[in-house]
Amino acid sequence: MRLFRDLLRDVRFAVAFWVLCLLLTFAALSLFSPYDPTRWGQVPRDLRPSAEHWLGTDSNGQDVFWNATFAVRNSLIIAVIAGVVSRIIAVIVGMVAGYRGGSWDRALMFLSDSLLVIPLFLIIVMMAMLIRASLNLATLGLLLAFFGWAWDARLIRSQILSLRERDFTQTAILSGTGTLKLVLNEYMPYAMPLIFSTLINNMAWAIGLEITLAILGLLDMSIPTLGTMLYWAINYQAILLGRWWWVLTPITLSVMLFIALYWLSVSISEYLDPRTRVQRVGA
Amino acid sequence: MFLKQYLIPRLIQYVLVILLGITAVFFIPRLLPNDPVLRTIAEMRARGAYLEPGAMDKIISDLQQMYGLEGSWFDQYLAFWGRLFRGDLGVSFFQFPTPVLDLIMTALPWTVGLLLTTTLLSWAIGNLIGGFAGYYADRSWSRTLDAIAMVVRPLPYYIFAFALLLLFAYLLRWFPVSGGARLGMRPSWTWPFIQSVLWHSVLPALSIFILSAAAWFQTMKLVVQNVNAESFVAYAKLSGVQESRIVSRYVIRNALLPQITGLGLSLGLIFSGALITEIVYSYPGLGTLLYNAIVNGDYNLIMGITIFSIIAITTSVLIVDLMYPFFDPRIRYM
Amino acid sequence: MGDAILRAEALRAFYALDIYGKTKIIQAVNDVDLEIRENEVYGIAGESGCGKSTLLKALAAAIEPPLRLMGGKVVYRVNGAEIDVATLSQEEKRRLRMTYIAYVPQGSMSVLNPVMRIRDTYRDFIESHLDVRQKGEAFALAREHLVELGLPPKILDAYPHQLSGGMRQRVTIALATLLKPRIIIGDEPTTALDVVVQRGVVQLLRDVQSRLKNTIVLVTHDMGVHANIADRIGIMYAGKIVEEASAERIFGAPTHPYTRYLIDSLPRFGDKTPRESVPGSPPSLANPPSGCPFHPRCPHAMEICKREMPGFTRVAPDHRVACWLVGEGSYGKAA
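Note that the protein sequences, when read in sequence, are chains A, B and C.
Heads up, the first sequence is in the working numbering, so the first residue is 1 and it goes up one at a time.
Heads up, the second sequence is in the working numbering, so the first residue is 1001 and it goes up one at a time.
Heads up, the third sequence is in the working numbering, so the first residue is 2001 and it goes up one at a time.
Some clues are possibly wrong.
[Claimed, not checked] Simulated coverage check for chain B against chain C, where a stretch passes if three residues somewhere in it have a Cβ under 8 Å from a Cβ of chain C:
1) 1230–1240
2) 1246–1260
3) 1321–1334
[Stated by the list, open to error] Among the chain B residues that face chain A by a calculated CB cut under 8 Å, a handful are:
4) 1015
5) 1167
6) 1170
[Claimed, not checked] Calculated cross-link-like contacts (lysine-lysine; reagent style DSS-like; alpha-carbon spacing at most 27 Å):
7) C:2306 <-> B:1237
8) C:2154 <-> B:1237
9) C:2073 <-> C:2154
10) B:1237 <-> C:2213
11) C:2213 <-> C:2073
Because the hints were derived from the structure by calculation, they are not lab data.
Just so you know, these numbers come straight off a predicted model, no measurement behind them.
Note that beta-carbon positions come from the ideal geometry of N, C-alpha and C, so glycine has one too.
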């Protein structure tokens, strides 16, 4: 809790934290939505914002406010699935590569280097294109998770490498601690902050890709997400027709989300990494 | 030493990555459950593509060849590589029977022009400003730039390009909404055409430039602050070396080294970003070609673009990697 | 031994660290009076974390945030005139470096710019201070200087990573002496080197001093190095000088209990009794003990030691100690 209080003194962290709380509340409101997000024509089309429809309605006959609560919720679900699953892959790869070393290390790092160099976006588009029919929140999250671990596995590996040099590793090995136990008990606590800050970055990456894939029409368009909302708005020429409330709602929400996630991760990693933290000291 | 520890591993990696990437492209449609040929045809029909008589047969046999329904997977795989080595990426289904390679080559100059200028400029300018901002971290202009970068950097390419489009093309009407040049103009080396191209490229270029310059700015600022803490900088200061020399020859020059590696590592991301930006502005490069291929279900074209991009990006990364030793004597004289 | 060339008066330099809204003050240099003379080697000794490197920074007029000058002053005597360094502009201070006061850094891998050949470092250092018109002039000067010091001139073409640690350190000493400064200050210049190389570096420093007849201020925790080179030694503890005397007296008649521990911990030829190191650990400079900061570790601590910092007592003409065991602190003050 002291950590949290320290962090809250950083303006960026405080702003990001409260914006995220706001967005989470907003997403939670979807539970109380009077409308079914998958059905169209539930309200009159293309109404401007009013007391009855706070953010107006769209050309599909959906209420923009309530639809947006589902969109934020679903985009976050995709991001959490992608983030958590890819963390698991990244942790396993990073720990095995860092701890086992040798040819394991070389092979795994070659794999992750390859993923970094290859234009992944195109591969993901290819796959999304082929499995579009079965692309729901979970499968999209898994698809993104499958490709989103490479960079973070590298970071975790280098942390393990530096931990391995420390005394307690030798002590633990000499006292007969098993590898798995050593990794879980001794290394995980040190790697945890890093895993958390990469999780946030990875979630932002996943939401960005979700939006992009949706714009390309590669998702199930009946599921409201930030991306599909924007897709429908663009598809119905909402900009040319002056329906700004429809376009600006998903844009504003996603900008808030991206900035909040980024600021959160920056302030946490600055707090954790003494080398970047030194900069905030003094003067 | 240099050959063995630096050059050869990178060349091996280069070949292996291309091998791995293209193999993945080959296997992806095969590992998925349903018949790729039938699905592709169904997809094209669903999108109402008009097919001339006879074209369908050619497409089916093309698809069968490409997806390799002849012989074992191994035979198919060899045949796939054989075609690649002849530069044959098959034909586009949608713009039948134009070869995929021709379509790519038409779009390529646009993408290369846009990407090369924005990548190099944003790297150079982002690092230069970031370098000074890192050295003078407590000045107010440095803090202001940092605050701007903190807001811009997290935005994904799509959202940022779209926001610029809304603001400058729809709202303020300063720049054209879409395209690479005025409609109906024939490409030529004449001033009006070049002017039109430049005019149309302002917004797409600006989107890519601002986003990546903000990223280089921030990482450079951080690297410089770390280099600043190195003892050779403290030593030069305590020996009264002129500040201009310290900034340029000690701090920025050393801080650029990780940024060169960073350029190599992020080329793939920048490239993807450029594709998406092109889509937003309907800029006639590879991105828009990709978009049309997706909309029309032209799987062969997507595959061609992917294979081409894998080769192009890994080669660019290799070039950046091979240039690194020129800047770092510790690698050059290992 | 000549007149004072470098003086510190009631010098206080603190680090003010701002850690997430909480300000932490580290009292690195706390009320130090020093008088360093022309043509002498003055050693500053003490455990790591006692503030000796910070004192050196203050003496070199290199106080930069987060380090702040909280009081007192540093005075240089340049060409017979006394100058308070606080009155100098940045540019004036810069011009004094290398020409009047030069710095030898702690030996480490990254003490020389890794992407430049040694000759380019030489060029930067020379051209920052001399008006070099011709292109090869700086290079010729560097070459001549290396030969003079007995170093192979071909190292000018090398990159730092191609040189050994000892050679790199010799290069920094050569650079420091290039413009014949009146004062050379060294911050643990021998610490990262192995013993044999250390001897060579100390020898080089001695040669340089006897040739230039200038002043060397040397900070190191290694009493062996001090024994080899220093004329006078100041013992530093928790940001304060607690004893100062000629090297003979520091080693022959150490008076402060802390100094005695430092001397006793040195290995002596033929003596096989186990060496005793200072018990306990160095105090935190963020929260130093009351009174004499050494009292928690001192075997002779008395009631007064916990309450009050003793002043200096002059136990011999050139030997002052700040300890209640010795006197009432009639001469000068230490706190």
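Structure-based check of all given hints:
1. Under a criterion of three residues with beta carbons nearer than 8 Å to beta carbons of chain C, the stated coverage of the segment 1230–1240 of chain B is upheld, 10 such residues being counted.
2. For a cut-off of 8 Å, the count of residues in the segment 1246–1260 of chain B with a CB near a CB of chain C stands at 5, and the three-residue condition holds.
3. Coverage of the segment 1321–1334 of chain B by chain C holds in this model, with 5 residues showing a Cβ closer than 8 Å to a Cβ of that chain against a need of three.
4. The restraint placing residue 1015 (chain B) at the interface with chain A is violated, with a minimum CB-CB distance near 11 Å, outside the 8 Å limit.
5. The beta carbon of residue 1167 (chain B) comes no nearer than 11 Å to any beta carbon in chain A, farther than 8 Å, and the hint placing it at the interface is violated.
6. Taking 8 Å as the C-beta contact cut-off toward chain A, the hint placing residue 1170 (chain B) at the interface holds, the least distance being around 6 Å.
7. For a cut-off of 27 Å, the pair hint linking residue 2306 (chain C) to residue 1237 (chain B) is broken: about 41 Å separates their Cα positions.
8. At roughly 26 Å between alpha-carbon atoms, residue 2154 (chain C) and residue 1237 (chain B) fall within 27 Å of each other, so this suggested pair holds.
9. Of the supplied pair hints, the one linking residue 2073 (chain C) and residue 2154 (chain C) is violated, its CA atoms being roughly 43 Å apart against a limit of 27 Å.
10. This hinted pair checks out: residue 1237 (chain B) and residue 2213 (chain C) have alpha carbons roughly 25 Å apart, not beyond 27 Å.
11. The hinted pair formed by residue 2213 (chain C) and residue 2073 (chain C) meets the criterion: a straight-line CA distance of about 26 Å does not exceed 27 Å.
The structure fails hints 4, 5, 7, 9 (numbered hints given earlier, in ascending order).
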